[in-house]
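Protein chains in written order, with our numbering: chain A, 49 to 279; chain B, 155 to 294.
Hint data in this document are derived by calculation from the structure and do not stem from the laboratory.
Here the structure is a predicted model, which is why all the values come from computation and not from measurement.
C-beta atoms are modelled at their ideal positions from N, C-alpha and C, and glycine is treated no differently.
Any given hint might turn out to be false.
Said to hold, decoys possible - On the chain B side, residues computed to face chain A include the following (Cβ under 7 Å): (1) Ala156; (2) Cys157; (3) Asn174; (4) Ala175; (5) Thr189; (6) Ser192; (7) Phe253; (8) Glu256; (9) Pro274; (10) Ala279; (11) Leu283; (12) Ser284; (13) Gly286.
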Amino acid sequence: MSAYRTGGPLDRRRFLTAAALRGATVIGTGVVGTGALGAGVLGTGVVGATALGAVDADAAFAAPIRPLDPAVAESAFAEGRITGIDHDVLRVAGSYGDHFRVRVTGATSVWKARATTAADIETGDGLYARGVPLPDGTLAADAVWVNIVNLHATIRGIEKARLHLAHGQHEIVGNLMPERTSASYGGASPTADLSRLTIGQSAQVLGAWRPSDGSVDLVRVAVAPAAGSRR
Amino acid sequence: MACGSTKLWNGEATWFCCGNAWGPCAAAGGGACGTCRSSALQAAWPNASKACWDITRPDLCGEDIPRRGCGSVMKVRHDCSGASVCVTVSDCGPRTRSFCSESTCCDDVCRTNRVIDLTPAAFSAIGSLSSGTLPVSIFE
């Protein structure tokens, strides 16, 4: 696993804010829009390029936001269920009766079981968003994680297409995704080989919750190293 | 104790949800301290109490982590980006013993064993939730 050096959080924040304020909004195409930076770069993928350089999805997610103004909080955070989508603004009902409006721009990194675009966001999804508060009350999102869960569980059953997991007092069905689900054994690099998962193992499962049936699409299942391999 | 610069520990940071929440986290509750919320800058510590220690058992992984109870404040720094966040201990965790020797690296820095569990708000302040773990240093 790697983290990423973040060369320009200030630049990224400046870009994000400018993009939100000047309408560089592109939803659903993965396009890096025009506006704050002049001519944009059109594309269809998640990874694009801007005047600031490459916009790599993982690097962008990892880049923490720091304020330009020391009096401004370093970053803002929102969580809850999406109740509506108005163009580039997600209306979010927080878990404590609070409400947020999260603005998604061409500079926003979106994760929903993979790095993707805002087109994949749906009403009813759960959300964590990191961003910058704007004067209009919206949160200009730097990164949005949709339906992401990271659960400590115990493997109770293994089938060809799914795992049965115990999470606290609850049972969760984990959907294995062909060519997508990976396993990490003892912190080693993720592998497509799931054959070493066994019933009874403690596992950390990172995935995307499905609001429709409560199951979880498994992105990565991490288990401890085998006893003999412990350092 | 405050969000200071005295080194306390280092290792892996993971993240978890707590408080009122959506999806599988809906039943998470307020944690061992009763105050935990995913949207707050909070953390779970493996030695928040004797009862907590008996569950997490970091010593089984060679980590003799000191006790810091509910309300303790720590600074957690991402060892590669240098980004940091101040958190308040609000729960017990992670279950260190279940992942002994697990290691997370970035660039030339590796940290071994899960020693702190951050809320989504705290974890996302210094890294990406989709990474799952981060190598961190902890100060108080």
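Practice prompt. Go through the numbered hints given earlier and state which of them the structure violates, listing their numbers in rising order.
Written response: 1, 2 and 5
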